[in-house]
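Chemist: Below, each chain spelled out in residue letters.
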Amino acid sequence: MQKTLDSPNLKKPALLWGGLLAIPLLAVILFAVAQPIKVVPRIGLAPGFIFTDMYGRQLTNEDLRGQIVIYNFTTTSCEAPCIDTAPIMQALQEFVKQLDTGGIPVTLVTISLDPERDTPERLQAYARKLNADPARWHFVTGSPERLKQVVGGGFELYYTQDEHGVFYFAPMLAIVDGNGILRARYKRGLEDVAIAERDLMLILEEARNSSGAAGLVYEAAHLFLCYPTY
Amino acid sequence: MSEHEHETQHSTGGEPGAEAHGENGWLHVEKWEGVWIRVAVAMTVVFIAAITVAAMSFGITVPGATARINPMTLNDPDSPFATPGIRELAPGKYEVYMVAQTWSFLPDRIEVPVGSEVTFYLTARDVIHGIKIANTNVNMMALPGQVSVLRAKFDKPGVYNYICHEYCGYFANSPIGHHTMYGQLIVTAPDNATETVQVTQ
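Chains as they are written, first to last, in this note's numbering: chain A, 1 to 230; chain W, 1001 to 1201.
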């Protein structure tokens, strides 16, 4: 008789524990399905490099730590049919100028694939032509072997040079975050400006929320592949 | 003594309501039933652990839907799929743009030196295809409109055949060609490479 009285009372802790387990589980499922936070995927470690900029100074990937860096790959003599990414970089420079980045510097780097012709003087003239802000936009190049390792092997942009010294490559932009992780590569040309701007905002948002509990939530967003849809 | 009485009460039946519950009100579980429940739980834990370990340590990577592409634009002059094949990004690093179509792979022959790291970009021109390179980790779906990307390293020289592992359809008025959809990946050893150089010289 006593047992029959006991059993309904003892069901309650089971309900309580079940509920306590179900709430975080439901929260996780809701987070994974609704994706309230979007992040830009981490593609992999960006390549390390030592290049020479348009003033003859060295620029390394370590100098750019803590900055969000937008790269493009071109030559100063890129003319049709070569698709020039410089207008995209100009648009992004204007976008970044007007943007409140919350103290996180956003830098642009143009890597020239043609060290033979793109001397520092020529890069300086190119920068002036593009209205580049020297504090924000670097123009660099290096030896052909190093360029092949960094741009070909690291950023995975295929390029070749014919017997007349003309370079052939597809237009490409890349974004590297402050931790030196490659976050985005755009290979489709001019239509990517809007997507690049959106990704830049997301990377900045993540950098601002990278510490404490917010950082953990952003890590969860990476775990559940909360990536923006194209 | 009272415990013994309790046991006998159970075996004889007793009150129908009290029978389902054992000591302390918990559900009464038979000895062997309990053993098998524990075995089942332990197996689940072992399987989850095995999957986790395999995912972390065996280099298994799931091909991601990293990009979308309009199948109508595959032959556009600026599309890398217009000239499918292998390209050397840097020494030891290659990329392969591959198109699967009814019923062939473009390219159907890939040659890389041993130890190369190869990134495959795969899409389909028409219907759903798939690729499996035998004896390697490469196993991907090829969907029209989507680019599947997978990175692989080939450490053993040899000839690896690849096939379509998706029954990619039968069109009216055309013969079935699924079984003709295959290709070869040739991983060349360093001494083979010097041999061919000597031959061409």
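By construction, these hints were calculated from the structure, which means they are not laboratory data.
Predicted, not measured: the structure shown is a model, and the values here were computed from it.
Just so you know, not all the hints are guaranteed correct.
Under 7 Å between C-beta atoms, here's a sample of chain W residues computed to sit facing chain A [claimed, not checked]:
| hint | residue |
| --- | --- |
| 1 | R1087 |
| 2 | A1090 |
| 3 | K1132 |
Ideal placement from N, C-alpha and C gives every residue a C-beta, glycine not left out.
Chemist: Hint by hint, note whether the structure agrees.
Modeler: Structure-based check of all given hints:
1. R1087: holds (5 Å)
2. A1090: At about 3 Å, which falls below the 7 Å cut-off, the nearest Cβ of chain A leaves the hint on A1090 of chain W intact, so it holds.
3. K1132: violated (24 Å)
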